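Novice: These protein sequences, in sequence, are chains A, B and C. The C-terminal position of the first sequence is numbered 459 in the working numbering, with every residue numbered one higher than the one before it. The C-terminal position of the second sequence is numbered 314 in the working numbering, with every residue numbered one higher than the one before it. The C-terminal position of the third sequence is numbered 1598 in the working numbering, with every residue numbered one higher than the one before it.
To be clear, the hints were calculated from the coordinates, so they are not data collected in a lab. Computed from a prediction, not measured in an experiment: that's the story for all the values here. Built from N, CA and C at the ideal position, the CB exists for glycine as well. It is possible that part of the hints are untrue.
Said to hold, decoys possible - Pairs of lysine to aspartate or glutamate, DMTMM-like flavour, derived with a Cα cap of 20 Å:
| no. | chain 1 | residue 1 | chain 2 | residue 2 |
| --- | --- | --- | --- | --- |
| 1 | B | 165 | B | 259 |
| 2 | B | 301 | C | 1427 |
| 3 | A | 212 | A | 255 |
| 4 | A | 212 | A | 223 |
| 5 | C | 1422 | A | 145 |
| 6 | A | 212 | A | 185 |
| 7 | A | 212 | A | 145 |
| 8 | C | 1422 | A | 255 |
| 9 | C | 1544 | C | 1427 |
Said to hold, decoys possible - Stretches of chain B that chain C covers, calculated by requiring three or more beta carbons in the stretch to come under 8 Å of a beta carbon on chain C:
| no. | segment |
| --- | --- |
| 10 | 75-83 |
| 11 | 104-111 |
| 12 | 283-290 |
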Amino acid sequence: MARLELNSIGKGFGPVRCAEDLSLTVESGEIVAVFGPSGSGKTVLLRMIAGMFEPDDGDIMVGGQSIVGAPPERRGIGMAFQNFALFPHMTAQDNIASGLRAKAGARELASRVTSISRLLKIEHVLGHMPRELSNGQKQRTALARALIGNPEVLLLDDPLRNVDAKLRYEMRLELPNLLRRSSAAVLYVTQDYREAMAIADRIAVLIDGRLAQVARPEEVYARPASVAVARLFGDPSINLVEVVPATDQGCLMCEIVGARIRLGSFHDQAADQGPCWLGVRPDDLAVVRSASEDAIPARVVAVTPMHERAVLLLRFPDGTEWLAALPPDSPMASADDGVFVRFAPEAALLFDRATGLRVDVPHRRQAA
Amino acid sequence: MSMVQPLQTQALPRRAARLRGRILPYLLSLPALLVCIAILVPFVTAAIYSLQRYRLNLPYLRGFIGVDNYIDFLSDPAFWNTLRISLVYTALTVVLELLLGLGIAMLLRRPTRFHNAVSIVLLLPLMTAPAIAALMWKLMTNPSFGILSYLVSLFGAHDFKWASDPSTALFTVVLVDVWVYTPFIMILLLAGLRSLPRQPFEAAALDGVPASFVFFRITLPMLAPYIVTASLFRLLDSIQQFDIVYAMTQGGPGDRLMVFQVQAYLEFFQYTNVGRSAALLMILWLITNILSNIFIKNWLRLRARAHGHA
Amino acid sequence: MDHSSLASRVFRRIALALVLVFFMFPIVWIFLMSFQTNEQILRIPPRILFEPTLANYEALISGHLRTTAGNLEISFMRNLMNSFVLSSAAVLLALLLGVPAAYAFARFKFRLGETIAFTLLSFRFAPPLLVLLPLSLYYQQLGLNDTYFGIVWVYQLIALPLILWIVRGYFEDISPDIEHAYRLAGHSWREAFTRIAVPLAGPGIAAAGLLSFIFCWNNFVFALILASADKQPVTVGALAFVTASGIQYGQIAAAIVLSVTPTLLLALYAQRYLVEGLSLGAVKG
């Protein structure tokens, strides 16, 4: 099987740039999630690989061969669309069979359709027309159609977007195994960071047509390359505050509304950074009743349940608002309580305020 | 990651793909383009003829005379008659068909099975060839056996001559036009009425607003785009009416019904005056062009909206 | 709506009845007339009940018309056949030319496409004689005058804009992703066009085809100018028929019935597409 390589892809529609100097390699058998906010160019990227648009600059290679300029039908690519794009005038069976580009014999075709539909648990609806299928069945049919031809590259355009929550959860568990059977290089577009983290081997974070970070899911979460990436991962999203860190007695310190907070685990070199964003994820905050030098005084504005946790909206005396996500068994605070907020030094992330890049690690573009 | 691909091999298929992608739509629309040319060439020819002295029976007199054909019209009572009769015919038919079509659409507004059946049956006149429809009415208004002649005679009008009497010819032809084309307006307005949102009407009903107020202040304004579209469609067709007038009276009695296209037809075939005929049609084209420019803009907006919702 | 008073309901019923009488009476009356002898037609007052005769139809179908002025040989059936041949050929050609073009206009945004679409649209509203009269002179030079091909070609002016604008709307409603999916499955754009786009736009193509057929059939002026007697369709033929001296009125009525029946049947069959077609897709029915 073959790897997919994107070499400094650029694409614009008129004055709008949808892709800028995009480079990425997906190995055979690897699942890379392309994750980014809507309008970041994810779909255009997939469509360039599939051959619906051609890139203005750069090259796309499958197995070391350029596929730019080749018609879609000769690119060896399977694709599942967000809106399923099933052929409404064909049965599920014919939809799936149409994906077998090698003109297999009737018997082989039938057996391949049977085995893939068994794998995807849709054997019982093969005779149905798309309009008679539930969204989940449509989505599985679309996946089967993309998978049946054993494509070298598999593109999945937000395939779980239009299915209900329960099915989405199941598919998050099933999909990685299913995709790894095919040994294709998989590019998986999603707008949901949880989905990206659950399914992918690596995540490529796309912001405004540029790759902001390409790394393993844990690393993107724990060590986001920039403040923009940090904001995209996590729900509720990361709390940010402006700080000016300074070295004090060998420790890196900063002050947030009167609280002196030690960021000691950072290297001294960061001391010269000047103004920074300090980011702490809501999950990493502790809300306590007792004051201390490193606790930020705050008032609870509101408490809402979210997933299994309780989310507190906190307001600092200077008006800054942070969110804290507390486990359900933690002592509950209620609205208007005066509390103190603390976090471990390791939980704090520092970003240069001018460039937005994370401070403690020199930024390096991910090598392929 | 081998970035050292030779430039040439990369650029060539890309350029070929672009070229292929660009040529394809042109190839597909080539036949349609040919038809366009087949329209445009005679059209330009007509424009040129209109600037010539060109009579088929006197070919040696043919020559360029500028806008003389047009200037001649200014002092020609026949032209003013044509202009007047065309405009009167158009105004009468459009207004009558609009009022009648709107009334019928209001009657059939609720989508019951009976109303749907009626609206389908009412399409039949519209699907009858207008020339044939004129013949049907000619049979019905025949002075010796026509059913309509008989019916009006019951009311004392024993000498009602319909299309052959100059004083009633226009009325008769307008009647046929109304018979054929009212269903057109009706069916468009009915589609419009049934696509209107229900909430304003339900709110009005709850508030006990009088029906006339609902009609003039809610229904009509919301229906306006459909009314404009339907009546402009009719306006453009009506000012060019040929089939009904020609099949019914050939422009007569006398010059009573010499609408534009009938006059131009006779200029061409009877008087073989190509130049004058072309000039007459150019003036008609100018009138329709002004109208259709307004119309197409309106229509495209409506169409875009219809597709947006689809 | 059901709270309307008795008076208004009665008024609505009466109004609707009057509307039906006005629009249906001519068709019904001519239909009845076509089964009457001349004597029955000329009787005053006219009677609703009469003994029907098929003689008018027999005379038309055989082509031998016995009239007061002697025997006439009028091949009205030939007009009928001409209408079928001309309209079907015109619609087939227009579908062949128009469907790919409609697809191009829907899928590729290119300036020439827009120009063509608008030229055709604006000539839909131009006086037909403006194009026809010069065209008849060109036809004489080209030897296309009074040929089936020549008439089928000008019928494109009726059928093509209709097909382009209606079918284009249907193609626009098909998600391009569906075609992309088919191509990625290993099919060329031509296969995607014929196996995906065309079948999915099928209802629109059928509607546009039926409507074009009706409009070609009902057209009068094109053939009046370009066709001689043996190529004339029923619309022109019927007019010539009426003016031929001494024809029996029942036979005229029968000729009218024969000329309108095909389109009326088609219209009833295709009625749910008519709104869309008549408004060139401006109003979705």
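Novice: Taking the hints in turn, state whether each one holds.
Specialist: Hints, verified against the model:
1. Our distance criterion of 20 Å between C-alpha atoms is met by residue 165 of chain B and residue 259 of chain B, whose separation comes to about 17 Å.
2. Simply put, residue 301 of chain B and residue 1427 of chain C have alpha-carbon atoms about 14 Å apart, close enough for the 20 Å limit, and the pair holds.
3. Of the supplied pair hints, the one linking residue 212 of chain A and residue 255 of chain A holds, its CA atoms being roughly 17 Å apart against a limit of 20 Å.
4. Using a Cα cut-off of 20 Å, the hinted pair residue 212 of chain A and residue 223 of chain A holds, with the two alpha carbons roughly 16 Å apart.
5. Simply put, residue 1422 of chain C and residue 145 of chain A have alpha-carbon atoms about 16 Å apart, close enough for the 20 Å limit, and the pair holds.
6. Between residue 212 of chain A and residue 185 of chain A the CA atoms are separated by roughly 16 Å; this keeps the pair inside 20 Å, and the hint holds.
7. Only pairs whose Cα atoms come within 20 Å are accepted, and residue 212 of chain A paired with residue 145 of chain A is rejected, the gap being roughly 36 Å.
8. A threshold of 20 Å between alpha carbons decides the hint, and for residue 1422 of chain C with residue 255 of chain A the separation of about 36 Å lies outside it, so the pair is violated.
9. As the CA atoms of residue 1544 of chain C and residue 1427 of chain C are separated by approximately 36 Å, the hinted pair breaks the 20 Å bound.
10. Only when three residues or more bring their CB closer than 8 Å to a CB of chain C does the claim for the segment 75-83 of chain B stand; here the count is 0, and the claim is violated.
11. For a cut-off of 8 Å, the count of residues in the segment 104-111 of chain B with a CB near a CB of chain C stands at 3, and the three-residue condition holds.
12. With 4 residues having a Cβ less than 8 Å from any Cβ of chain C, the segment 283-290 of chain B passes the three-residue criterion, so the hint holds.
This entry does not satisfy hints 7, 8, 9 and 10, going by the numbered hints stated previously.
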